[in-house]
Amino acid sequence: MTSLRSDLAIIAREVLPHARILDVGCGDGLLMAALRDTKDADARGMELDARDVATAVARGLSVVQGDADTDLADYPDGSFDYAILSQTLQTTKRPDLVLDHLVRIGRQAFVSFPNFAQWRIRLAHMFGGRMPVTEQLPHRWYDTPNIHHVTIDDFRSFLEERNIKIEGQWFLSGDKPRNERLANLFAEHAVFLLRRD
Amino acid sequence: MRVSVVSHETADMAFLMQNDARFGLDKKTLLLGAVQLDSGVAFAPVEFAYETYGALNADKSNAILICHALTGDQYVASNHPVTGKSGWWTRMVGPGKPIDPARHCIISINVLGSCMGSSGPASIDSGTGAPFAMGFPVITIADMVRAQALLLDYLGIETLEAVVGGSMGGMQALSWAALYPDRVRSAVIIASTARHSAQNIAFHEVGRQAIMADPRWSNGAYYGHEAPAAGLAVARMAAHITYLSEAGLTEKFGRRLQNRDAKSFGFDADFQVESYLRYQGLSFVDRFDANSYLYITRAMDYFDLAEPHDGVLAKAFAGTKTRFCLISFDSDWLYPTAESRRIVHALNAAGAAASFVELSSPFGHDAFLLDAPEMNRIVDGFLRAGESR
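Line by line, the protein sequences are chains E and D.
Going by this note's numbering, the residue at position 19 of the first sequence is 19; the numbering climbs one at a time, nothing skipped.
Counting from 1 along the second sequence, just add 1000 to a position and that's the residue number in this note's numbering.
Pulled out of the complex, with its shape left as it was, chain D reads as follows (with noise of 0.2 Å):
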């Protein structure tokens, strides 16, 4: 009897959800409540845009939040409005994937500062109705994830079952679960680390000075005028090179030519190499904002989960009762093993439910976007584990 009242209420909340525009595909909404930036500002109103997959169940436990990278988006497993392509994580999310809409309520926010439709910086300053170009606050991945939890508020969901997310998206989980302990029940963190190195913050300082010294740039007050798309285009050169192994590049490219047969001791691209890594450029500045890299590369750079606790990363997550599960890659030198050793090494000291495996690919930072089916093996056993608690 029991069995068929508790379908009977998750078949009403599924009419429910079909009903509620909140839930569903390429939704944005403005909401008036402030977000306390860590910068001491208090920013409102805030756009989101964002997408739900799946139906919340009746009493809201089945709630994940997908968090992505520095330039990922809320299209997690749809197409791509710009580039037409498939969702950027249709591996893990999606239709007998571990993270499954017939199962779970999925959430995907753009992060602040980004440019799919969250405020950042090319949004419109209600103050001026002008653009906010460098005149958007700077923010941190403390702030993101302050946001993220307004938006949630707004859909009802006080408790995630888990925050899942990749690279930046690993950060906003690790500080999800040390901000908001007690709304998130797991929390999965993929090729990520809990402060970025000096040398994560060098790269991202060569893609900055990069756009900054393109001309178009004009100290961020670009829009309506070109975009420095030059600039941007080799930030995202240098980037890439990070999300990739030395063994990959070598395997893929070699010191292969590019269309011909012999070196043109010119300037041109005559490597394999160069030519993939200018197109990576040059098709990366038709669907982002020059201005949102610097103020998420920013945001990267001051991640340091430990800072507020004295330097201990342990006390970031004293007494939680979150369970945890890292991965990492053996190929990812972005993000390298000893940086996930090191959460792992702090929440066992904080006696934290925790869970860390370093999988073996070639494809360095990048293998989380790719096939790995123990990856998606060990996701799937362990969010299954915590739904049956």
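Extracted from the complex, chain E is given alone in its bound form (with noise of 0.2 Å):
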């Protein structure tokens, strides 16, 4: 099998067994054939590129072609034990309404994303004087698909206003895990598993 994203690592092995798994943005399938075949998950996917969609329904999952900004309102409260957002919340119109959208459908959510505030971003942007270009966001301004950069304290003061829950989280700086002391300042990556209250 190949190896998973850090992050999706993460995801991978916090699941529960035999869980029913929508994964919003999962690309080719990689992490729904993993939980697929570690977990015993029934999973189901939804991706915006028709050439990722054909791959992952040619490996046998379900997956449709949609869009988290204004595909998601059709699956009932509560139909799934989680909903996965992966490293797609900063390149949505609304990420507030797909994350809404997120803790309404699953029972819990896990959402990953780059943090805007790590310090090499900060350096970039302070000495630099330019929009950062790293290696977790190698895109230039005009052609990046991120188009609502988010920060962990932003992340988190955002979840307090909707009264949505934190019931895990995870930090990554590169691909070593981390922990919470200053992940705002030094995590590359975060993960949430959160329920809506």
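Hints are computed from structural coordinates only; laboratory data are not their basis.
Any given hint might turn out to be false.
Short derived list, chain D residues pointing at chain E, Cβ under 8 Å [said to hold, decoys possible]:
no. : residue
1   : 1320
2   : 1323
3   : 1344
4   : 1348
5   : 1356
6   : 1358
7   : 1359
8   : 1377
9   : 1378
10  : 1380
11  : 1385
Below, a list of computed lysine to aspartate or glutamate pairs in the DMTMM-like style, where the Cα atoms sit at most 25 Å apart [said to hold, decoys possible]:
no. : chain 1 : residue 1 : chain 2 : residue 2
12  : D       : 1321      : E       : 40
13  : D       : 1321      : E       : 37
14  : D       : 1321      : E       : 77
15  : D       : 1315      : E       : 67
16  : D       : 1252      : D       : 1268
17  : D       : 1321      : E       : 42
18  : D       : 1315      : E       : 74
19  : D       : 1321      : E       : 153
20  : D       : 1097      : D       : 1358
21  : D       : 1321      : E       : 71
22  : D       : 1321      : E       : 74
23  : D       : 1321      : D       : 1358
24  : D       : 1315      : E       : 40
25  : E       : 93        : D       : 1330
26  : E       : 39        : E       : 81
27  : E       : 93        : D       : 1358
28  : D       : 1315      : E       : 81
29  : D       : 1097      : E       : 52
30  : E       : 39        : D       : 1387
31  : D       : 1028      : D       : 1100
32  : D       : 1315      : E       : 42
33  : D       : 1315      : E       : 77
Now the stretches of chain E that chain D is said to cover, found in silico as 3 or more residues with beta-carbon under 8 Å [stated by the list, open to error]:
no. : region
34  : 45-55
35  : 62-68
36  : 75-83
For glycine and all other residues, C-beta sits at the position ideal for the given N, C-alpha and C.
Combine both chains into one complex, guided by the hints.
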């Protein structure tokens, strides 16, 4: 099996066996396939890119071509044990509404995103005076799909406003896990497990 | 050991099927059981013309029903008896293809109301000894499916591994899943819709009016006389435009003239596209019955899978265990992607296992009949995943 990206590996590890899962922005279905094979999950996916959808369906996965911004409304409340949004939040037009749907559809939701307050990005911005181009955010200002950058602290305050409970959180520097202390400054990626209160 | 037992059984089954007159090419049978039509009529007896390819396996779990489109027929992968052309979906069905007689028992049935051997307006009404003509009951897509279920009972097939169809075939596949959820494990719906739109109905009405305006139509009682070929040809021409995309027509014909250097300042087929459409119309009348065209277009126009469910499409699939795979094409304006997406939303709301992708093609609605490697890759993966469950 191809090894999973580190944020996906955390999600794959934490998901309970036999769960019903909706992976929003599932790409070609790598995480879904891993959850199906290792956790006996009943996994469904949504992905914008037609080629990725075709690859996922050819893998035998149930994936629909769709857009997180427009195609989540029809899923009933609590119809999945987990709704997953990995590295997709920052590309949506209305991340707030997407998150509302996520915690509505899933009894719990996993959300992972690159932390825009990580020190390298701060330095690039402060001293370079330019939009940061880093390993985890390799795009330039004009061609980036990331239209709503978010920091760990932004995300936390949003959850508080929306009464969304944090049931788990994991932070990464590169592929290495790191603790919660000063995560907003040092973590490159964050993974949150959420539940609507 | 177990493997050898299974293969032995499979071999026995294949041997039995070779000697089973119900299976094979160009089959016809008359079944007494009535089909309860949506119109209230109990239609019996029912004639069926169908073909099967490949053998049923020991536990009869490998049957795939292929549903044809408006003017299609049971000759999916064998030569058409009238035109001599090869089967209409040999790109999808055949050795080494996603639907493979080496792996599947493939069944294709001429739909109720059609004209290639199954009961339709050209069939003889046993009550009068004359063709039904307009005395044939008006049918629906669901009626076609109920009739197919009758034939599957006769073939001893309780459960289908999959029901597969494009265009009107996709409507039947959807109806199969809605009417007989326990008999369909997987459904593949390509370039199709869950309802006919006002525009769809409008185009069909143009076709029907062209047929009925032909004096030879004679209220449908033309059997034994000259058929309303001119009207049917115009109907086909109008419909054919809806099967192609504007870009496809432009690429194929543009404004190029047909076998001439200048416009004729007359009403001959000056343009290549005119000549092409006239040919499409003329060749169609050799193989299709005008009354069947009326009945089947009517059935498609009546099709709205949500209607019996208070207009809520998701209710048609409530609690379904069937897996669904939908494919649309970006240049198809007859049944555009939005229609497939509507079905997908309903399936999601019903909690069904659904896959959907819009593929890119310049060929419009007809794309599903043409070379589409991505479509084949998706259908192949989808079917194999169902087989490994």
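Could you work out which earlier hints the structure fails to respect and list their numbers in ascending sequence? 1, 19 and 24
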